[in-house]
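*Asks:* Sequence:
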Amino acid sequence: MEIEAAKAGYTGDGTVDLRGRPALATKTGKWKACAFLVVYEAFERMAFYGIASNLVNYLTTQLHEDTVTSVRNVNNWSGAVWITPILGAYLADSYLGRFWTFTVSSLIYVMGMMLLTMAVSLKTFKPTCSNGICNKASTSQIAFFYLSLYTIAFGSGGTKPNISTFGADQFDDFNPHEKRIKASFFNWWMFSSFLGALIATLGLVYIQENVGWGLGYGIPTIGLVVSLLIFYIGTPMYRHKVSRNKSPARDIIQIPVAAFRNRNLPLPNDPSTLHEYEPQHYIDTGKRQVYHTPIFRFLDKAAIENGNTDNSRPPCTVTQVEGAKLVLGMGMIWLVTLIPSTIWAQINTLFVKQGTTLDRSLGPNHFQIPAASLGSFVTLSMLLSVPMYDRYFVPFMRGRTGNPRGITLLQRLGIGFIIQVTAIAIAYAVEVRRMRVIRVHHVLGPKEIVPMSIFWLLPQYVLLGVADVFNAIGLLEFFYDQSPEDMQSLGTTFFTSGIGIGNFLNSFLVTVVDKITGRNRGKSWIGNNLNDCHLDYYYGFLLVISSLNLVAFMLASSKYIYKKESVDVKEGCIDLVEAKAMPSTPLGICN
15 MEIEAAKAGY TGDGTVDLRG RPALATKTGK WKACAFLVVY EAFERMAFYG
65 IASNLVNYLT TQLHEDTVTS VRNVNNWSGA VWITPILGAY LADSYLGRFW
115 TFTVSSLIYV MGMMLLTMAV SLKTFKPTCS NGICNKASTS QIAFFYLSLY
165 TIAFGSGGTK PNISTFGADQ FDDFNPHEKR IKASFFNWWM FSSFLGALIA
215 TLGLVYIQEN VGWGLGYGIP TIGLVVSLLI FYIGTPMYRH KVSRNKSPAR
265 DIIQIPVAAF RNRNLPLPND PSTLHEYEPQ HYIDTGKRQV YHTPIFRFLD
315 KAAIENGNTD NSRPPCTVTQ VEGAKLVLGM GMIWLVTLIP STIWAQINTL
365 FVKQGTTLDR SLGPNHFQIP AASLGSFVTL SMLLSVPMYD RYFVPFMRGR
415 TGNPRGITLL QRLGIGFIIQ VTAIAIAYAV EVRRMRVIRV HHVLGPKEIV
465 PMSIFWLLPQ YVLLGVADVF NAIGLLEFFY DQSPEDMQSL GTTFFTSGIG
515 IGNFLNSFLV TVVDKITGRN RGKSWIGNNL NDCHLDYYYG FLLVISSLNL
565 VAFMLASSKY IYKKESVDVK EGCIDLVEAK AMPSTPLGIC N
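Taking the numbering used here as reference, the numbering of the sequence shown is continuous, increasing by one, and the terminal residue is 605.
Take the hints with a grain of salt, since some may be wrong.
With a straight-line Cα cutoff of 27 Å, these simulated DSS-like cross-link-like pairs (lysine-lysine) come out [stated by the list, open to error]: (1) Lys196 - Lys46; (2) Lys41 - Lys137; (3) Lys461 - Lys529; (4) Lys537 - Lys461; (5) Lys41 - Lys301; (6) Lys150 - Lys137; (7) Lys46 - Lys193.
No lab work stands behind these hints, which were simulated from the structure alone.
Using the sequences provided together with the hints, build the complete structure.
*Replies:* Rendered as structure tokens:
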């Protein structure tokens, strides 16, 4: 089927246009289609980081929340933004498809941005001030503000998991040239994301604090609307994957059920005796066959040929069983990404509050740097590192390993986690120094400035940016690449939900640590007065758990087995390729 399509000028992976017609390879997809998506991603990230990077300051200075409450609320909202993609991905994979799920969700996203701009602009929705003293926000004002925020979170749930996978769908895995350039897609996709974040942390944060919050939120709202118009201009060029399975999640769930039903049956020594369709079935249907792996063997019982005497319920295929194994294996890796996501959550919360206590003046005119703007160095280090990684590191390592990606996906994650542990170690050391300067200069008041430059925080920001080039991009690519074919939107939610749970986990840790260390009138590690607490102890705690998590990651990755599937279809046979990005060499099925 794919061969005939390619000969007719259509894509080999069975993608179609918006009207359901086979997609022409020369007129659709590739980077010319992705250009429209990249523009949207840059503006959407500008909107998100325009809110997230300075939200903790808005909550404390405008809504007058205390430090712990504001940090908890920022983490809870960020967690919701990254958790809701599970619902959006499920709708896309099972019902609406990526394009229409994105379309509906983006309208909700824009509505939330408009409501939020109203909440920070109109006097009705803001606390009243008199003689420089502002009242606390009323219940209705707080409710409207958080309604706006969570409308954005709900809309983001449908856009985030689908826009990146929709972009990856624009490359045909059955075309060697397109498959090769797809290897760089996620690097440059994240580059556009970082660019939007840079504009937010440099420009929007300054506008919010020095011109007005209304303009600071209004600009990204307008930008988001413009980017959507640009996105829809590219509609004729987009390729759409046809879902061949309307309930991929249900199929995954049925595997352990079937395995449990056959629990008393012995596993065959030869995996080839397990139930599987003939290769021709996958050629005819355009689906990819996934080959047996020796991990989670108990699930293989779902594919035992004589295990089911009920003809209405035939045994599962090896490909179906391997899909469940992939999800289970990805879940194992997902668990050890939660602590790194917790470390990342510090950038928009405690790092910002820490920066407000330091000397932020710059130049002879004593220009005051917004504390949240230091997050721009995270983005700058990403923007510089992505081209270096893609253009220099990958070719260099490719020549030594023979791997088209240079290194394996899990090796990439490991390097990122090591850099991240180094960053939190530096953050701990800098906080220890800040506490020493506080003692020497007898700084006690919550609004007193510590005579120490904010640029002491620069190394931890830069290193976290470099780490993100390895682990954030690596995670997104890993979960897309290793997902079962019909679950790639849901697969990418492993990435987003990990960040979401990491934010919730940080919220939980901050709350619990504050309550435990502040009991009996003790000095809380994270108090309202950061000049009279022990933030260094909290950073030391994060350093310990992130180091232990690194060990756990190494153990989990050593057990992980990459999927093996048929991707190179020839007439009458299928090439077997390991998805760990080793060279596309056949393993004996085709000559």
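*Asks:* Indicate, hint by hint, whether the structure satisfies it.
*Replies:* The hints, checked one at a time:
Restraint check for Lys196 and Lys46: the C-alpha separation of about 13 Å stays at or below 27 Å, so the hint holds. With a CA separation close to 51 Å, the supplied pair Lys41 and Lys137 exceeds the 27 Å bound. Proposed proximity of Lys461 and Lys529 is supported: the alpha carbons are some 23 Å apart, at most 27 Å. In summary, the hint linking Lys537 to Lys461 is supported, as the alpha carbons are separated by about 18 Å, within the 27 Å threshold.
Between the alpha carbons of Lys41 and Lys301 the distance comes to roughly 24 Å, so the proposed pair stays at or under 27 Å and holds. Of the pairs offered as hints, the one joining Lys150 and Lys137 holds, with about 14 Å between alpha carbons and a cut-off of 27 Å not exceeded. Restraint check for Lys46 and Lys193: satisfied, since their Cα atoms lie roughly 15 Å apart, inside the 27 Å limit.
Hint compliance for this structure: hint 2 is the single one not met.
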